[in-house]
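Work the whole structure out from these sequences, hints included.
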Amino acid sequence: MIERTPFLNIATHVILLSGLVIIIIPIWLAFVAATLTLQEVNSAPIELWPGNQLWANLVEAWTISDFGTKFLNTLIVATSVVVGKITLACITAFALVFFNFRGRMLIFWMIFITLMLPLEVRIVPTYAVAANALSPFQTILEVTGINWLINAVSGIEVALEWNLLNSYTGLILPLVATATGTFLYRQFFLTIPDELVEAARMDGAGPLRFLWDVLIPLSKTNIAALATIMFVYAWNQYLWPLLVITDRANYGMVVVQLSDLVPDQLTTGGGTPTWHLAMAATLVVMLPPIAVVIFMQRWFVRGLINTDK
Amino acid sequence: MRRAYFKFSWIAAVLLAPQLMIIFVFFYWPSAQALYWAFTLEQPWGGGNTWVGFENFANVLSDPYYWGSVRVSVIYAVATTILAMGMALILALFADRQLAGYRAYRIGLIWPYAVAAPAVGLSFQFVFNPGAGIFSYLNTLSPGVWDPSVYPWQAIASIVIAGAWKQVAYSFIFFLAALQAIPRSLSEAAVMDGARPLRRMIDLQLPLLTPTFFFLLVINITDSFTDSFGIVDTLTGGGPFRSTDLMVYKIYTDGFQSLDYSGAAAQSIILMLLVMALTFVQFRYIERRVHYT
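Chains as they are written, first to last, in the working numbering: chain H, 292 to 600; chain G, 25 to 317.
To be clear, the hints were calculated from the coordinates, so they are not data collected in a lab.
Honestly, I wouldn't trust all of these hints.
[To be verified] Which bits of chain H does chain G cover? Going by a derived footprint, with three or more residues having C-beta under 8 Å, they are: (1) 293 to 299; (2) 386 to 396; (3) 412 to 419; (4) 456 to 462.
[Unchecked claim] For each label pair, taking beta carbons as the anchor points, the in silico distance ranges come out as: (5) H:481 x G:128: 32 to 42 Å; (6) G:216 x H:301: 38 to 48 Å; (7) G:123 x H:316: 18 to 28 Å; (8) H:319 x G:217: 36 to 46 Å; (9) H:304 x G:304: 21 to 31 Å; (10) H:316 x G:209: 38 to 48 Å.
For every residue, glycine included, the Cβ atom is placed at its ideal position computed from N, Cα and C.
This is how it looks when you write it as structure tokens:
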């Protein structure tokens with residue numbers, strides 16, 4: 292199909308280029324700020340072209356924020372969340388699709404409903420649970436009177452406690468449950484032909500061997516797609532680490548560190564706002580997920596579109 | 025459904041247990057806890073919670089600050105959704121023509137999705153800063169005319185622009201994917217009928233985008249209610265004079281700074297109902313879309 296539409300083609304380029312410019316302006320300004328000195332960044336009118344302080348600012352921002360430890364922490368947490376989410380999604384969907392038992396639909400719906408309970412709306416009680424992850428069980432023991440029974444019989448007072456604050460477990464565990472991932476896997480498993488299951492059983496494969504040797508190699512595409520979006524999701528977590536981690540020196544995450552870099556009265560003590568450092572740090576923090584999206588573009592787009600519909 | 029099953033055994037139970045355990049502890053229990061707190065009030069001198077019925081809700085709903093928060097949340101939701109979806113739709117329609125440079129345009133419009141909300145907030149705080157940002161030009165012309173930390177409407181405009189900036193990429197990806205799913209034969213038939221590209225956009229592509237459009241509408245509104253915390257926290261901190269105190273941000277400040285668990289829980293329940301209603305609408309629509317295709 293060949294059409295000659297020279298004017299429309301020019302208009303198309305103009306529209307797309309202006310879209311790109313609108314998108315890039317704030318980040319360009321942040322980038323320029325990160326290349327200036329303290330005096331330059333605070334002088335009006337502002338610079339629109341980069342200076343030569345980028346490296347110096349990056350180094351200084353890196354040292355004052357102690358980004359070495361924090362990048363390592365963020366990487367550990369993001370990787371664990373990705374691995375955890377994919378594993379959980381895969382095994383849950385496998386059990387739901389390939390085993391025959393009552394209550395399958397009930398369990399499916401229970402996982403489904405968690406979509407309607409995003410972390411932000413249940414943040415206060417979830418934080419209370421993180422302070423003692425076993426408190427639900429403790430409460431159940433007390434309300435049902437089992438605790439009293441144990442105490443009467445054996446004289447032991449049951450006090451379950453598992454504090455998740457200031458730990459990797461606390462950062463990771465509440466984030467690994469995944470309704471969308473489970474659906475994606477369920478959809479994929481439903482397309483596996485019955486003959487494949489029968490053939491595997493005929494060859495004497497049990498469910499776990501079937502999962503490991505047949506399904507997981509088949510679901511590599513799924514894994515790649517899920518991994519990219521989950522990595523971006525985990526890296527960009529803000530509210531949860533902000534609450535769970537008070538020991539920022541040891542367990543701090545990079546994105547949370549940004550809240551300490553807002554140059555207001557608190558951080559500068561009334562001095563000149565250190566925008567050049569704040570912007571340098573912002574650039575460093577946003578770079579890894581952007582790199583993942585750009586280099587894994589195909590998987591990323593596929594993952595996003597498949598999980599959200 | 026599937027015929028070839030494995031028999032239920034301890035293996036299935038072991039495979040299901042981890043996820044069920046996590047959603048019980050971190051989803052269902054906290055939600056039940058929020059319900060419990062919403063209908064009870066903690067005694068000031070200890071001694072557990074007492075049942076107060078709908079009193080917490082009545083307090084929240086009679087609080088002018090809460091209604092202020094609802095108002096700005098709605099403004100934020102509507103404004104970011106219109107800005108982001110409008111821009112994404114136009115860009116996707118033209119990017120879909122796949123002229124030279126298509127790949128570059130596409131990557132250039134997708135990557136903002138990966139930027140963390142607080143990073144967006146911090147960058148825009150610099151852009152809108154009255155002393156150092158690009159808007160400081162206005163202040164050199166007429167001192168004091170631009171300062172989002174003083175004028176509420178400027179603060180609201182700041183979070184709306186930052187929020188919309190963050191959302192564009194998401195809508196763009198979905199619009200573009202939907203456009204590329206339109207069968208080529210339809211476009212060719214339209215060409216045979218003499219429809220030029222712009223005519224095809226309006227009469228062919230836009231109507232076929234309706235399902236995606238409604239899907240994105242609901243997702244964008246839901247996201248603006250839940251996902252705005254990082255932007256508000258780094259950009260305005262809810263101020264000035266609580267003018268950007270979005271619902272999620274208010275739950276956070278009431279719960280963790282004022283330690284008003286019951287009030288925060290009542291607000292959580294209201295927001296939860298709102299998100300549920302939106303999700304319900306979304307799935308009703310998805311059910312409908314199955315019939316389309």
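Status of the hints after comparison with the structure:
Under the rule that three or more residues need a Cβ within less than 8 Å of chain G, the assignment of the segment 293 to 299 of chain H holds, with 3 such residues. With a cut-off of 8 Å between beta carbons, the segment 386 to 396 of chain H has 7 residues touching chain G; three or more are needed, and the interface restraint holds. Under the rule that three or more residues need a Cβ within less than 8 Å of chain G, the assignment of the segment 412 to 419 of chain H holds, with 8 such residues. Figure legend: the segment 456 to 462 of chain H, annotated as covered by chain G; annotation inconsistent (0 residues with Cβ-Cβ distances under 8 Å, at least 3 required).
As the Cβ distance of residue 481 (chain H) to residue 128 (chain G) is approximately 38 Å, the hint placing it in 32 to 42 Å holds. For residue 216 (chain G) and residue 301 (chain H), the hinted distance range of 38 to 48 Å is not satisfied, since their beta carbons lie about 26 Å from each other. Distance hint for residue 123 (chain G) and residue 316 (chain H): a CB-CB separation of about 23 Å, consistent with the stated range 18 to 28 Å. Roughly 44 Å separates the CB atoms of residue 319 (chain H) and residue 217 (chain G), a value that falls within the hinted 36 to 46 Å.
Taken as a hint, the range 21 to 31 Å is violated for the pair residue 304 (chain H) and residue 304 (chain G), whose Cβ atoms sit roughly 42 Å apart. Range check, residue 316 (chain H) to residue 209 (chain G): Cβ separation about 40 Å, and the 38 to 48 Å hint holds.
When held up to the earlier numbered hints, the structure conflicts with 4, 6 and 9 and fits the remainder.
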